[in-house]
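Line order of the protein sequences matches chains A and B. This note's numbering applies: residue 18 is where the first sequence begins, and numbers increase by one. This note's numbering applies: residue 890 is where the second sequence begins, and numbers increase by one.
Keep in mind that the hints were calculated from the coordinates and are not lab data. Note that the Cβ used here is the ideal one computed from N, Cα and C, for glycine as well. Don't take each hint at face value.
[Stated by the list, open to error] Okay, derived cross-link-like pairs now, BS3-like style, lysine-lysine, Cα gap no bigger than 25 Å in a straight line:
hint : chain 1 : residue 1 : chain 2 : residue 2
1    : A       : Lys487    : A       : Lys502
2    : A       : Lys507    : B       : Lys978
3    : B       : Lys1079   : A       : Lys439
4    : A       : Lys107    : A       : Lys55
5    : B       : Lys978    : A       : Lys470
6    : A       : Lys396    : B       : Lys978
7    : A       : Lys334    : A       : Lys27
8    : A       : Lys395    : B       : Lys1219
[Said to hold, decoys possible] Simulated coverage check for chain A against chain B, where a stretch passes if three residues somewhere in it have a Cβ under 8 Å from a Cβ of chain B:
hint : stretch
9    : 44-56
10   : 64-74
[To be verified] Partial list, computed: chain A residues near chain B (C-beta under 10 Å):
hint : residue
11   : Lys298
12   : Pro397
13   : Ile407
14   : Tyr418
15   : Gly458
16   : Lys628
17   : Asn629
18   : Gln678
19   : Asp679
20   : Gly682
The residues making up each chain are set out below.
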Amino acid sequence: MKLPVVWLKKYVAVPAAPEKLADLLTLSGTKVEHVEKKGGEAVLQIEVTTNRPDCLSILGLAQEVSALTGKKIKFPAVKKSISGANKEIKIEIQDKKGCPKYTARLLKGVSVKATPPSFQQCLEWMNTRPISNVVDATNFVLFEMGQPLHAFDYDKIQGGVIVVRRARKGEKFLAIDGVEYPLDEKTLVIADAKKPIAIAGVMGGKLTEVTSSTKNVLLESAYFDPPLVRQASRRYKLSSESSYRFERGVDIQQVAAASARARDLILEWAGGREAGPMVDKDFSKKVKEKPILLHEERLEQLLGLKIPAGRRVQIFKRLGFKAKAASRGRLSVWTKNSRRDVGQAVDLAEELLRIEGFDRVPAAIPVTRHTDTNLQDKKPKGISELKKFISHLGLHEIITYSFLSKKSLADSGFQSFGAIQKITNALSAEQEYFRPSLLPGMLGAVLFNIHHKASSLKFFEIGNRVADGKEETVLGIGLYGDLEKNWQKKSAASFHDLKGVLENIFHFLKITDYGYHTSGIPPHFENASGVFWRGHELGNIGTIHRSILTRWDIPHDVIYAEIGLDPLWAGAGPARTVRVKPIAKFPSVRRDIAFIIDENISIDVLESLMKNAASPFLQDTELFDQYAGKNIPKGKRSLAFSLAYQKETGTFTDQEITALQDRVGEALKSQYRVEFR
Amino acid sequence: MIEALKKLEEDARGELSILPDPKSFQDLKNKYLGRKGLFASLSAQIGQLTAEERRLAGQEMNRVKSALEEIFSEKERSLAAQGNASVKKIDTTLPGTFYAPGSLHPLTQVTQDITEIFERLGFRTVEGPEVETEYYNFEALNIPLNHPARDSFDTFYLENGKLLRSQTSTVQIRVMEKTKPPLKIIAPGKVFRPDATDATHSFMFHQIEGLMVDEGVSFADLKGVLLSFAKQFFGDKTKLRFRPHFFPFTEPSAEIDIFWESKAMPAGRQGWLEILGAGMVHPQVLRAGGIDPEKYSGFAFGMGVERIAMLKYGIEDIRQFFENDIRFLKQF
């Protein structure tokens, strides 16, 4: 909404400096975005919130100024209207809910020409092009009073009849902008005997437009159901000064007054005469304005500010409310039509506070009563700590878009799109699906950086995905290129590096009872493990499949893990308290064992086999070498473990150790026919 | 002679104790114990003495010699122990080679900084789902269908009929449903709105929502809490300006501007800048959360993380947050 200061001055005295006026309005809730000079005059650009349609007019803003400064408003004088029946105007309201009030006047013998320049200037300030005296009069009143009006060329209305109804199936409407719109049956239209001549509250029609040859004008002023206007405006993507006001709600009590004001201006600028009384079809429910009771103590308690009783009454009166002090400490304020946003005590509190000034309230720190303990969700805090920990491991946190294109999903190996949530009103094909995994985002971030010459990337992201209809918080980690690269060491990131990262993370989370498996690995991976914990399938870790990397055009391996985090904080979660084991009193004894074995036998199986064989003395088995290749038969590998034996009651003799080592060897031999080295 | 020997020993001890640098050790040793050193030349004078004198001087010579040898070798050991004599040199100017540090995303850092401040003020961090229902995103928050108030909260819909939350205020209702006052929560999270992307708009961004509900909570409390936050986050001299505004879920509602006078900011961006929306929780919203508005009152506030991070770090384009350029991330 634009507010030309010189126009405002016609109705109310204002502070000399436009900037001062702007501050006054901004700090009372009518935010002035900027002040511009237009045609040599200051014009304020105002952001009007959706609850304040009353501020979409110069007079409405004058009311605000009056409340702030105490200056009286001078309303424009309007000539009396004749009342009674008008046989010439035939109006039929078929949708009384969509159109609870419709008024029409007939103005005959007008001469359509240019509007007086000073009024043309007014419209130009509002960014509205002057058209002709008749049309400009309706627009002037729209801005002055906030009531949209429409002028029809009466002689072009077929059958001389106005019907307010819903559009019929297959009906079309030629709008004033020259575009033809096919209408749907929900649309409220103004029609003549044959066809729609306006979309109610949104836009007038080309065929009944007032032109230079128009002689007789039908002047419409009405109230249309706000949601209906809003739906039509959105459906046809037609937004006008009229629809903007109707969808926010105009003051139904001003409908007739605005019509009279426009009539006065048309007759003054275009000549002619009013042919008979105004027709007023009114089906609106008569709202009985009711008093709202404001309790002094509760007001003070809510605002943390005391406003004296006299000042309270004054503020409401200046805002145009009827207000009266009731019993001790109570104030009655009556609701009013132009301010439908004020309907309960808190609304009154806001009115008082915004006029009094938000800066009048002192800042206080509330006393904290301790909250009940049932807010026990440890996850947000836990995730915050986890992010810090992972970043301390040398990884960089990324945040990727939660929306993905079909292509990025397909390129990442996702095939059944039925299971992935599609966004029905996506902005573009780039953002069509809600992510079922963090992998495409990770690969996108890796590729972006490869394009910018990065050769080493260590990324992680924690965010939500929707997979199998369930929203879950997951951790994605990706390693690409060199893990380390400096003048001393250079090593490419491997599966086992990421596995080590994962094990560090589990240690940080105090989770020990997790395990790996190799069944049911999704096809995105080659060489991968599943990770489980207490019966929960947490996720997978592995090398991204070559075919995926090829599709993304990523030249080197990407090692990736995606781990569900929700189970880790669900219920009691893992026991976070460490129970200390006593430190052994006697030194442990280390012996190595090396053997050649089938390469498919997994390390953890061997470790438990050895531990069982020398139970309870074999405390630790540490793999220190793994070799396959030259001198080792195909399909086999050489493994070397350092075994630590420990006794709580004393030291071992050589014979005891040898016996234990023999037991380990026997077990390996009988189970897997290993060959010792 | 005996006196001269004693003095020699004393001089040697003195000089050795103030040895200027390890390199001159050998010179000093030669000076006293070398073949043409002071001890050698003094002992050459023994022939001029009587037999009795020679016997006493001889004894003293032996004692002084072994004493000198002892103190010099002692000094030599201690010099060697200091590593100054023969340790292999390394180039200490070569760069360190431990794992390079990682980083937290700037949006996470700002979120953590903000939530930690509120946690110190007694708020508790909670979270809510991103996939939401019409009820939590709109109805319970007093935003009616087909009302222009919805314009500011345009929403993405999913095929399953749910929607992606367009604001973190959804968490307010979810918490109130489960927890009765007194309650103080802070809820950071992602939100989605179908806005065309440009330097200051993104269809995905982050918000932090706060809520306090108890008996007798007032607008003054809201001002106090937000001022305390702003001073801790932006600095002690921070000024806030509360402007009346409209949100369907609060009444009275306010937009809050911070006075921004950072020298680093271009001239046009100095002055009052909007950073927060807030207000007293609307009675309708309290009711939706199952809380009696006659007994309790509360305040709520919300802020955009990207906007604050952009201000704090001098970032000009919101899209930089989601490009994940390692050259950008490494700076945090």
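For each hint, the structure was consulted:
1. Lys487/A <-> Lys502/A: At roughly 40 Å apart (the allowed maximum being 25 Å), lysine 502/A and lysine 487/A break the hint.
2. Lys507/A <-> Lys978/B: Given pair lysine 507/A, lysine 978/B holds - Cα atoms ~24 Å apart, limit 25 Å.
3. Lys1079/B <-> Lys439/A: holds, 18 Å
4. Lys107/A <-> Lys55/A: Since the Cα atoms of lysine 107/A and lysine 55/A sit roughly 44 Å apart, the hinted pair is violated (cutoff 25 Å).
5. Lys978/B <-> Lys470/A: violated, 36 Å
6. Lys396/A <-> Lys978/B: This hinted pair is violated, its Cα atoms lying about 52 Å apart.
7. Lys334/A <-> Lys27/A: It holds: about 21 Å lies between the C-alpha atoms, which stays within 25 Å.
8. Lys395/A <-> Lys1219/B: violated, 29 Å
9. 44-56: holds (count 4)
10. 64-74: holds (count 4)
11. Lys298: Violated - the Cβ of lysine 298/A stays beyond 10 Å from chain B, reaching only about 24 Å at its closest.
12. Pro397: holds, 4 Å
13. Ile407: holds, 7 Å
14. Tyr418: For tyrosine 418/A, the interface hint holds, since the closest Cβ of chain B sits about 6 Å away, which is under 10 Å.
15. Gly458: holds, 9 Å
16. Lys628: violated, 32 Å
17. Asn629: At 37 Å from the nearest chain B Cβ, asparagine 629/A fails the 10 Å test, so the hint is violated.
18. Gln678: For glutamine 678/A, the interface hint is violated, since the closest Cβ of chain B sits about 37 Å away, which is over 10 Å.
19. Asp679: violated, 42 Å
20. Gly682: This hint is violated: glycine 682/A lies away from chain B, its Cβ roughly 39 Å from the closest one there, beyond 10 Å.
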